[in-house]
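Guided by the hints, dock chain X onto chain C, whose structure is given.
Protein chains: 2
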Amino acid sequence: MGGDSAPDMVVEGADIALRRFPDTGFLFFGDEARLAPLVAARPAVAAASAIRHAPDAISGDAKPSVALRAGRSSSMRLAIDAVRAGEADGVVSAGNTGALMAMAKFVLKTLATIDRPAIASFFPTLRGESVMLDLGANVDCTADNLVQFAVMGDAFARTVLGVVQPTIGILNVGSEDLKGHDEVRAAAAALRAGPLAPQFHGFVEGNDITAGTTDVVVTDGFTGNVALKTAEGTARLYSEFLRGAFRSSLSAKLGYLFARNALAKVRERLDPRRYNGAMFLGLNGVVVKSHGGTDALGFANAICVAADMVANGINDRIRDDLGKVVPAVALAAPGDAGG
Amino acid sequence: MGGDSAPDMVVEGADIALRRFPDTGFLFFGDEARLAPLVAARPAVAAASAIRHAPDAISGDAKPSVALRAGRSSSMRLAIDAVRAGEADGVVSAGNTGALMAMAKFVLKTLATIDRPAIASFFPTLRGESVMLDLGANVDCTADNLVQFAVMGDAFARTVLGVVQPTIGILNVGSEDLKGHDEVRAAAAALRAGPLAPQFHGFVEGNDITAGTTDVVVTDGFTGNVALKTAEGTARLYSEFLRGAFRSSLSAKLGYLFARNALAKVRERLDPRRYNGAMFLGLNGVVVKSHGGTDALGFANAICVAADMVANGINDRIRDDLGKVVPAVALAAPGDAGG
Numbered sequence: 006m007g008g009d010s011a012p013d014m015v016v017e018g019a020d021i022a023l024r025r026f027p028d029t030g031f032l033f034f035g036d037e038a039r040l041a042p043l044v045a046a047r048p049a050v051a052a053a054s055a056i057r058h059a060p061d062a063i064s065g066d067a068k069p070s071v072a073l074r075a076g077r078s079s080s081m082r083l084a085i086d087a088v089r090a091g092e093a094d095g096v097v098s099a100g101n102t103g104a105l106m107a108m109a110k111f112v113l114k115t116l117a118t119i120d121r122p123a124i125a126s127f128f129p130t131l132r133g134e135s136v137m138l139d140l141g142a143n144v145d146c147t148a149d150n151l152v153q154f155a156v157m158g159d160a161f162a163r164t165v166l167g168v169v170q171p172t173i174g175i176l177n178v179g180s181e182d183l184k185g186h187d188e189v190r191a192a193a194a195a196l197r198a199g200p201l202a203p204q205f206h207g208f209v210e211g212n213d214i215t216a217g218t219t220d221v222v223v224t225d226g227f228t229g230n231v232a233l234k235t236a237e238g239t240a241r242l243y244s245e246f247l248r249g250a251f252r253s254s255l256s257a258k259l260g261y262l263f264a265r266n267a268l269a270k271v272r273e274r275l276d277p278r279r280y281n282g283a284m285f286l287g288l289n290g291v292v293v294k295s296h297g298g299t300d301a302l303g304f305a306n307a308i309c310v311a312a313d314m315v316a317n318g319i320n321d322r323i324r325d326d327l328g329k330v331v332p333a334v335a336l337a338a339p340g341d342a343g344g
Numbered sequence: 006m007g008g009d010s011a012p013d014m015v016v017e018g019a020d021i022a023l024r025r026f027p028d029t030g031f032l033f034f035g036d037e038a039r040l041a042p043l044v045a046a047r048p049a050v051a052a053a054s055a056i057r058h059a060p061d062a063i064s065g066d067a068k069p070s071v072a073l074r075a076g077r078s079s080s081m082r083l084a085i086d087a088v089r090a091g092e093a094d095g096v097v098s099a100g101n102t103g104a105l106m107a108m109a110k111f112v113l114k115t116l117a118t119i120d121r122p123a124i125a126s127f128f129p130t131l132r133g134e135s136v137m138l139d140l141g142a143n144v145d146c147t148a149d150n151l152v153q154f155a156v157m158g159d160a161f162a163r164t165v166l167g168v169v170q171p172t173i174g175i176l177n178v179g180s181e182d183l184k185g186h187d188e189v190r191a192a193a194a195a196l197r198a199g200p201l202a203p204q205f206h207g208f209v210e211g212n213d214i215t216a217g218t219t220d221v222v223v224t225d226g227f228t229g230n231v232a233l234k235t236a237e238g239t240a241r242l243y244s245e246f247l248r249g250a251f252r253s254s255l256s257a258k259l260g261y262l263f264a265r266n267a268l269a270k271v272r273e274r275l276d277p278r279r280y281n282g283a284m285f286l287g288l289n290g291v292v293v294k295s296h297g298g299t300d301a302l303g304f305a306n307a308i309c310v311a312a313d314m315v316a317n318g319i320n321d322r323i324r325d326d327l328g329k330v331v332p333a334v335a336l337a338a339p340g341d342a343g344g
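Just so you know, the protein sequences line up as chains C and X, in that order.
The working numbering numbers the first residue of the first sequence as 6 and each following residue consecutively.
The working numbering numbers the first residue of the second sequence as 6 and each following residue consecutively.
Excised from the complex, chain C in its bound form:
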């Protein structure tokens, strides 16, 4: 029931995703009276799904703590409960991010040695695709959190992106060792001394994200969220400037007509819907958050991300790698981490 165009886009998104993953089955949680006709109108979806009535829905502005307490019969909560009960392999929601994270943590619990789950997403780069985390689950992060994000990002890049030996970078304000605050420096020291050392590139900067300097970009949720949204805003600015330019003269208008198909491909490569589906990593279960403002195509992509994670056994891979989690504090000498 979450998202601006729910539940319509959810059911329509399932229809699109079903064409790409024909073996998928769906459990729709929400207002049965609204869901039933939507599902019935799509025979392929109807054949592959069941509706579970949920009397409540979490509002977009509900505080996570309130959602957790008062939302026991919400569509979001019942869907997560189904994952814990083994009735579903994963959950996809376009609802309130904070509530989804709080409920998922409470119901599914985090994996052993992972203190806090992180939100991860792919993004386009000059070299292909990379993954960045955290994108907003943890506003304040310790060095240990960052090290754990590196382990989860590595497992994700190997399984879902198919990179054999992913490179890992920690986002910072410079590439030199002495740059940045205590947390990034202690995390870097821990990664350099631990089993991920051969894959650890060191610090990367904001421009390295889209350059694709590393396959995994590790950062705290505050910085990651700002970076992601800044990138989206910059792409929009560029698009708007281009739109204006192509209208600025007859010659430019003609140019647009000739280049139209090629430009459509650029737009498609940078389409936020293509990268819709932020993964909650570090939980006992697959949880994917769709952007609330997306449409059916974007929601379908989020479903496909979840299906990919399930198919690739992402959590088993992370579980196998939990031994790579090394405590940062013990490794960083006080002198290195200071000031």
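I should point out that these hints are in silico values taken from the structure, not numbers from a laboratory.
Source: prediction; values computed, not measured.
We put the beta carbon where it would ideally sit given N, CA and C, even for glycine.
Treat the hints with caution; some may be incorrect.
To be verified - Mimicking DSBU-like on lysine-lysine, the simulated pairs with C-alpha atoms at most 30 Å apart in a straight line are:
#1 K114/X / K184/C
#2 K184/X / K329/X
#3 K258/X / K270/C
#4 K68/X / K184/C
#5 K270/C / K329/C
#6 K68/C / K184/X
#7 K184/C / K329/C
#8 K258/X / K114/X
#9 K114/X / K258/C
#10 K258/C / K270/C
#11 K184/C / K258/X
#12 K329/C / K114/C
#13 K68/X / K114/C
#14 K258/C / K329/X
#15 K270/X / K258/X
#16 K68/X / K114/X
#17 K270/X / K270/C
Stated by the list, open to error - Beta-carbon label-pair distances, calculated as ranges:
#18 S180/X / E273/C: 26 to 34 Å
#19 K258/X / R274/C: 45 to 53 Å
#20 A46/C / P200/X: 56 to 64 Å
#21 R77/X / S256/C: 54 to 62 Å
#22 E273/C / D66/X: 40 to 48 Å
#23 V169/X / R248/C: 47 to 55 Å
Said to hold, decoys possible - Far from chain X, by Cβ distances over 10 Å, these chain C residues were calculated:
#24 E17
#25 A49
#26 R74
#27 R163
#28 A202
#29 G207
#30 K270
#31 D300
#32 L302
For chain X alone, kept in the frame of chain C given last:
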């Protein structure tokens, strides 16, 4: 002597800047043997300048503390000394940022009630131009620092950008009051309760930067640096995708030819050289940092930023506004600021 193509681009940049600000005089600090022929080759520059020999230069990787201690006869230090002595109205350097900030703070001192200077820069938005600070001077910021940045950004937007009543936003991971960490929430509470309240928009997100939601974007130096470089990287990614698209078919190549002039204008609007020249705000003197990798045109823009700041008496305006600095801690109730 700082920057990849110094001192050539510095002297050539002065030549370009001189055409825009014909009353400017220059003091070049550096290796006289290298500077003299460069200046002599440009009669207009030669007529408006003097060379001051500096036996040393600060290297790009020198630690600020070392530069401060050992760099007393460096070109950077002597140029800053000239500002303090009143021989120059401002200093422009493409050298080591950390060293420049450390020396400028030590020699020029900060303005009263400003604890820490900030690095600011304009950037293009859908609505024109805005200013963001801090972009990297202060990796860790208190709520008080953020409030002071807001006051300086406001003075800057009024004087140099010419906005009558600039709007101010604090960069955060969401627009709701409860979002973000303690520092941004305490700073927001202080701005809401202080004399800048009518101009304070509240929290803005990464995509608001280029949307131009506010004239001034306030953030800590870690987040600001990452956001700025992420925006640059995203613009480069978009440009590369476009370049590839225009080569992908005969029709697209033709389209490029027709749209060429219009596209050149987009490139120009987003050209990082156009926004070159980061301002150090909060010091008793005008200090502008040019990107080290820029060319003469970019360096000329940095000079023009400094000339603009001097012409508009930016520091007098900031001094007038120091009364708007209100302590954040006293205003933020413990409950509001708590985790």
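* Asked: Can we trust that L302/C is non-interface, i.e. its beta-carbon lies farther than 10 Å from all of chain X?
  -> It holds; L302/C is separated from chain X by about 20 Å at its closest Cβ, greater than 10 Å.
* Holds or violated: 26 to 34 Å for the Cβ distance of S180/X and E273/C? -> 30 Å, holds
* **Agreement of K270/X and K258/X with the hint, judged by alpha carbon distance not exceeding 30 Å** => 18 Å, holds
* **Pair hint K270/X and K270/C, alpha-carbon separation not exceeding 30 Å** => 22 Å, holds
* Could you say whether the range 40 to 48 Å given as a hint is met by the Cβ separation of E273/C and D66/X? => Given a distance of about 42 Å, which is inside 40 to 48 Å, the answer is holds.
* To do: Could you grab the alpha-carbon distance between K68/X and K114/X and see if it respects the 30 Å cut-off?
  => Measuring from Cα to Cα gives roughly 20 Å; hence the hint holds.
* Asked: Does the structure keep K258/X and K114/X at a Cα separation of 30 Å or less?
  -> Between K258/X and K114/X the Cα gap is close to 56 Å, so the pair fails against 30 Å, i.e. violated.
* **Whether D300/C stays farther than 10 Å from all C-beta atoms of chain X, as the label says** => 18 Å, holds
* Just checking, R74/C versus chain X, shortest CB gap more than 10 Å? -> Its Cβ never comes within 10 Å of chain X, the nearest being 16 Å, so this holds.
* Asked: For the pair supplied as a hint, K68/X and K114/C, is the alpha-carbon distance within the 30 Å limit?
  -> Violated - the C-alpha atoms of K114/C and K68/X are around 45 Å apart, more than 30 Å.
* To do: Check the following: the C-beta atoms of R77/X and S256/C are separated by a distance inside 54 to 62 Å.
  => 58 Å, holds
* To do: Please work out if K184/X and K329/X have their alpha carbons no farther apart than 30 Å.
  => 25 Å, holds
Hint compliance for this structure: hints 5, 8, 9, 11, 13, 14, 19, 23, 30 are not met, and every other hint is.
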